[in-house]
Each structure stands twice: as C-alpha cells, then as structure tokens.
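S.K.: The lines below spell out each chain.
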Amino acid sequence: MSKQAQHWEKTRGLLIVTLAIWFVFSIGIFLFGAEMESIGGPFGYPLTYWFTCQGSLGIFVILIFWFANRQEKIDEEFGFSEKGDD
Amino acid sequence: MIKGNFIDNLPKVYGIYTGGFLAFIIIMAIGEQMGMSAKAIGIAFVAFTVAIYAIIGYLSRTAQADAYYVAGRQVPTVFNGMATAADWMSGASFVAMAGGIYFKGYGYMALLVGWTGGYVLVASLLAPYLRKFGCYTVPDFIGTRYGGNLSRFLAVVVLTVASFTYVTAQINATGTIASVALDIPFQYAVYVGLVSILLCSMLGGMRGVTWTQVAQYIVLIIAYLLPVFWISNKMGAGFFPHFMLADEVARIADLEAQFGLGTVKNSAADLATVPKGLAGITKAHSAVNATPWAFISLALAMMMGTASLPHVMMRYFTTPSVKAARKSVGWSLFFIFLLYSSAPMLATLSKLSLIDPNLATGIIGKSISEVQAIDWYQNWNQANLMFVSDFNGNGTLELNEFFMGGKAVVLATPEIAGLPYVISGLVAAGGMAAAMSTADGLILAIANALSHDLYYKIIDPKAETAKRLVVARVLLVVIGFAGATIAAMEIQGILGSVIWAFDFAMSGLFFPLVLGVWWKRANREGAIAGMALGLASGMGYLIWVRNGGSGFLGITQLTFGIFGSAVSLVSMVVVSLITSEPDAATQKMVDEVRVPSGKSILGKQH
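So the protein lines, in turn, are chains C and L.
Offset between the first sequence (1-based) and this note's numbering: plus 1388.
Offset between the second sequence (1-based) and this note's numbering: plus 26.
These are computed hints drawn from the structure, not numbers from a lab.
Some hints here could point you the wrong way.
Unchecked claim - Dumping the calculated EDC-like pairs for lysine to aspartate or glutamate here, alpha-carbon to alpha-carbon at most 20 Å: (1) L:Lys625 to C:Glu1460; (2) L:Lys392 to L:Glu441; (3) L:Lys625 to C:Glu1470; (4) C:Lys1391 to C:Glu1464; (5) C:Lys1461 to L:Glu618; (6) C:Lys1398 to L:Glu618; (7) L:Lys309 to C:Glu1425; (8) C:Lys1391 to L:Asp617; (9) C:Lys1461 to C:Glu1397; (10) L:Lys614 to L:Glu551; (11) L:Lys309 to L:Asp280; (12) C:Lys1398 to L:Asp617; (13) C:Lys1391 to C:Glu1470; (14) C:Lys1391 to L:Glu618; (15) L:Lys614 to C:Glu1397; (16) L:Lys546 to C:Glu1397; (17) L:Lys65 to L:Asp209.
To be verified - Derived DEER-like restraints, expressed as beta-carbon distance ranges: (18) L:Gly577 to C:Ala1422: 20 to 30 Å; (19) C:Arg1400 to L:Lys625: 21 to 31 Å; (20) L:Glu490 to C:Leu1403: 35 to 45 Å; (21) L:Phe269 to C:Ser1426: 16 to 26 Å; (22) C:Leu1403 to L:Gly577: 30 to 40 Å; (23) L:Ala64 to C:Leu1403: 47 to 57 Å; (24) L:Lys625 to C:Leu1403: 17 to 27 Å; (25) L:Thr308 to C:Val1405: 37 to 47 Å; (26) C:Ile1427 to L:Ile484: 55 to 65 Å.
From the three backbone atoms N, C-alpha and C, an ideal C-beta is built for every residue, glycine too.
Take these sequences, add in the hints, and give me the full structure.
M.R.: Laid out in structure tokens, this is it:
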C-alpha cells in the first residue's frame, strides 16, 4: 500500500472515532433524555439539562482540539505535515 | 498600519482595543452618575463602536484579490476563531436565544446542541480539505472539484438562497437596534445599519471583515457576559453562575409546580387580548418537554446546516495552513461556547427574578395594580415587550397572566435586576455587533460567489483584478440594499427565519461538499443532481408544510433540510454510479486534497 493510501486509511479511522464520539453526545444521549432526567449531573444540575446547556457543548470543544492533535500526529507520521508554523 | 508586522502585533492591538472599550464603559458609567441621559448613553455606545469598526474597515482597504477574498490567508488561529464566532453568532443568537430557552426550555435547547455540534463536522469533514484546496469561495470548490459551469452555478444558487434568507433577518436586527438606540424611525434605521455594515466590508473585503469581526466579538462577548455575572452576583445566586445555579434551576421547577404550570390554561378569548408577539410561560424550564425525535431531528438539521453554510466555511479559507484551519475550528467553538453556555444561565436568572415571590423583583403573586405601577414594567409594556392581565379577576398576578416578548430576556433583565442604564447601552452595542458581523459575513459570501464564480469564472474569465474587485464591491452594495429593502418592508415572518437558512444550505450543499472530499467516485452529474434535487425537494417540502401539508416522519418546517439532504444524498449516489467515474486528473486532485502538505490545488491568485 502506498504511503498516501496508508495515511488516508488512518485519517479515515480517526474520522470514524471522532464522529462516533460526536454521535453519542449530539444524538445518542438525547434518545434517553427523559431517563437521564432524574439523575443528578455535575454542579447539581439535572443530568439532561446539564448536557444540553454545558456538557455536550464543552465535549464538542475538547473533541475538536483532540481531533486536530491526532490528525497532526498522523500527518507527521507520514511526512505530510506542512512546513512552517501557524 | 495593517502591513508587515501587523499580524505579530495582533494581541497587543486588540489588547489595547479591549482596554479602551472597558475604559469607555467606565466613562459612560461615570457619565450616568453625573446625570447623562439614557438616550445619550445609548447613542454614545452605538456610535462609538460603529465608528471604530468603520476605522478598522478603512485601514484594511486592499486592491489585491487574495486579500479581498481570503484576507491574504494569514489570519492566526485564535483570531480567526474570534472572527468566526462573531460571524456565526447573529443578532438572533444574541438577542433571542436566551428568550427562546426561557419560553421553550428543553425543546429549544436542541439548537444549542445543534449550533455547536455542527463544528465537529466542520473540523473533521470539511474545513481542512477546503483550505488545502485553496479556493476563494465554496462554489469555487464545487466548480473545480466537479468541473463545469453548471455545477458551479448551482452551488452559487444554493449559497444565495440560504444566505439571503439569513441576511434580511440580520439587517432587520441591525435596524431595530439602531432605531431604538438612536431614536430614529425603523425605515431609516435599516439604512443606517446597512451603511455601518458596508463600511466594514466594502474597502477591505474579507480582510476588512476579519478584523472588524474580531473587534465585534470582543464587544459582544463583554456585553453578554458582564450582565449575566453582575445579575447573578446581585441576586446572590453565585459569583460564577455557570457552576452555581443548580439551586435556582430546582427552585424554578418547584415554583412551576406550585403555580400550576400546565394545569391552569388560558381560554382562547383571553389569549386574544394579549398583544401579538408576546408569550406566557407554558413549558417547563429544565424538565424534558420534547420527544427524543423532535429534539434530535432539530439538532441534526442544525448540525448539518452548520457544516454547509458558506459564510462560516469561508472563514477557514483565511488561515495560514491546513493545520491552522483545524485548530481554528476548535477556537471558534470555544468562543461560541462562552456565549451559548451563558444563555441558559441568563434565562434562569431572568425567570427566577420575575416569578419568585421571595425576591424583591418577583411579580407573580403581587397585586395587578402594584405590578402595573412598577417603572420597568411601564417601560417595557410601552415597548410592547411585556403585558399582564387579570384573567381570573382575583386582583393577583398569576403565572398564566404574565406575558413577555422573547427579546425582553436579554434586553430587560438588566433593568429588572436594577443594573445601571449603562449596561443597557452596552447590551445595545453588543446586539449591534452581533447582527453587523453576521450580516457582513453573509453579504460578503453572496457578493464573492457572484463576483468570483458567476462573473469571473463563468462570464468573463479574462477580467483584470482591478475590474473584478470593482464588480465585487458593486455587488456588495447591491445585495446589501436588496436585503435592507426587504428588511424595511418588515415581512419578517416570512423571511426572518434564520433556521430555514440552515435547512436550505444542508439540502443543497452538505453532501456535494462532503462527498467531494470523501468519495472519489462522486462525479459532476451526481453533484448536479444532488444540489438541484436536494434544494428543490427541501424547498418543496417547506412550501407543502406551510400550506397545510401534514408532513411525514415528524419533519417540520424547521427541519425540512433532513428531507432535502436525504434526497440529495440518494440522488447524488445513484446518478454518480450510473454515469462514468471522474477522469484521472480529478481523482488525482482528490488525492492531493487529502494530504495537508504540498501546493494547494488552486493557485494563490486565481
């Protein structure tokens, strides 16, 4: 397999993991909104309420930075990272 | 001033700017103490901030195509994040979001999840690849990846439909705030707003818009957070509201039960006496009040729409590298998060301060005549944003007898909580910044697509740079005036639906964009089918539902993009597969897009 094909395969793998996490916190947990309601969440908010106003939002922020770092590692591994810095 | 080492000096420049703005707030506060009138403070806030944006717009003037279209591709990640956040958060986010949460609770908060979760799709599926492509506009990518004028043209059509739906609402919001703050009639205020918007973008294009959007973000975030923290502290609810309002949320749930929320219903005759646009509290504040599908479908539509809206995507064309584009999406969402996570807190503080009889500001349970005598009630009643009526004739205000406009949560809560007027002036400046920055991004997206893709790429490929930029600026003004004219007609109910813009964009563009990178087999015929049928079916569904159609699968007029994009996906895949695969050159181009290093597909000047 060419270097480029391997790079793309890893990139696609990372995409699948990223989208899986995204799916859980944007869609998956809200299938159980009513069930999570009675559970206490962080800072004493009801869990469903906390996810909708802070939890999912914050997880998305962290997820994007994590994704960006992982992708940079993959690019470096195959020598595809850009020259120069941002 | 904006040359050479300007980029290195950005933190210093915006640091001084932020300090200057805070000093201005303090001067206004002192002015208020010394007897400056409320009206003068409002005018000072709006005029001062708009003047600063205009100066930034002037200093960013340019005659270079890549500076005009993509800010010279040298915007650092964090600053691009701020600019995107301002670009993204519209007048509606600023003024209406807390109100939506206040009235509709959980069901509305699907928008919070949708308008943030979409950025994960932007970062992982699209932004870095489009940045590598080196395009100036979103249709530029479609036109080059799939080839042919028809695909480029259809992308321009989808972009224009989605963005124009959005922009009239923003110009309207700018006009509303200018009309209140400057005390001039709305019909004129709309054009004052428009001129302010054009001052930022006309001379410098994307470069001007970028640096004004950063400045606008700083104003709008201060204007949103300062009152939230202040009110929370004043009420004794906690010095850091985001982590400390659990008791208040629980207290609201108790009060809802105590006041018989949902059991005491108003008759239709009673409701007919309530002024148009005002609503009572009829839904639970924090409890789950929507079905899983209602919540998820709305969130999903907004997420896919986010990843298809060209004015957001084009912000990531301005970063220095592919790597920077990815990081920049993270920063964008971080800056958006600061405001979005505060909106539910503001809604909580606002609601509790109004309905809790134990608080001095609480009005439920007081006598109607007493409430009608309160100063702030009279002000906001006059502004047509508050209304009480003694439906059951017992002389006491009940929960179901109190009505408010959605905007009042952001606009009136500072006054209700007893904050000085300077905060209201600040909020007006923040709302203006939010609406202007989004309007600028949208008008620029449309004008750039028309000037670059329609005029330069399709009509006159030999045009000189100078001529192209003149055309771009003329279009900017024309589109701005068209938007303002429609906004001045105040048919907001039809055109103001920001949510529709997301559905239109996702119907026509989501899959052609994503598959352009992720599916090599996708070809021109498929993309054309995907855009045309996606947009047509989405629009058809909307028209059908609005004309009394029952819809299916619980897809409403707010989520019709789910239907449109499904049609788009199926038709794109089917048509691609029954026609021949893209030529070798196109396949090689896709391979190159997938790798961050190396030259971009389109040259620096194209």
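S.K.: Against each hint, give a clear statement of whether it holds in the structure.
M.R.: A quick look at each hint next to the structure:
1. L:Lys625 to C:Glu1460: holds (18 Å)
2. L:Lys392 to L:Glu441: holds (19 Å)
3. L:Lys625 to C:Glu1470: Satisfied, since the Cα-Cα distance of roughly 10 Å is no more than 20 Å.
4. C:Lys1391 to C:Glu1464: Judged against 20 Å, a Cα distance of about 12 Å means the pair holds.
5. C:Lys1461 to L:Glu618: Since the Cα atoms of Lys1461 (chain C) and Glu618 (chain L) sit roughly 18 Å apart, the hinted pair holds (cutoff 20 Å).
6. C:Lys1398 to L:Glu618: Cα-Cα ~16 Å, so holds.
7. L:Lys309 to C:Glu1425: Between Lys309 (chain L) and Glu1425 (chain C) the Cα gap is close to 16 Å, so the pair holds against 20 Å.
8. C:Lys1391 to L:Asp617: holds (12 Å)
9. C:Lys1461 to C:Glu1397: holds (14 Å)
10. L:Lys614 to L:Glu551: holds (19 Å)
11. L:Lys309 to L:Asp280: holds (14 Å)
12. C:Lys1398 to L:Asp617: holds (14 Å)
13. C:Lys1391 to C:Glu1470: Answer holds: Lys1391 (chain C) to Glu1470 (chain C) is near 16 Å, not above 20 Å.
14. C:Lys1391 to L:Glu618: Judged against 20 Å, a Cα distance of about 13 Å means the pair holds.
15. L:Lys614 to C:Glu1397: holds (17 Å)
16. L:Lys546 to C:Glu1397: Holds, at roughly 14 Å.
17. L:Lys65 to L:Asp209: Measuring from Cα to Cα gives roughly 8 Å; hence the hint holds.
18. L:Gly577 to C:Ala1422: 20 to 30 Å: Holds - the Cβ-Cβ distance for Gly577 (chain L) and Ala1422 (chain C), about 24 Å, lies within 20 to 30 Å.
19. C:Arg1400 to L:Lys625: 21 to 31 Å: Once the Cβ atoms are compared, 23 Å apart, the range 21 to 31 Å for Lys625 (chain L) and Arg1400 (chain C) holds.
20. L:Glu490 to C:Leu1403: 35 to 45 Å: holds (42 Å)
21. L:Phe269 to C:Ser1426: 16 to 26 Å: holds (21 Å)
22. C:Leu1403 to L:Gly577: 30 to 40 Å: holds (33 Å)
23. L:Ala64 to C:Leu1403: 47 to 57 Å: With Cβ atoms ~53 Å apart, the hint holds.
24. L:Lys625 to C:Leu1403: 17 to 27 Å: Once the Cβ atoms are compared, 24 Å apart, the range 17 to 27 Å for Leu1403 (chain C) and Lys625 (chain L) holds.
25. L:Thr308 to C:Val1405: 37 to 47 Å: holds (42 Å)
26. C:Ile1427 to L:Ile484: 55 to 65 Å: Holds - the Cβ-Cβ distance for Ile1427 (chain C) and Ile484 (chain L), about 57 Å, lies within 55 to 65 Å.
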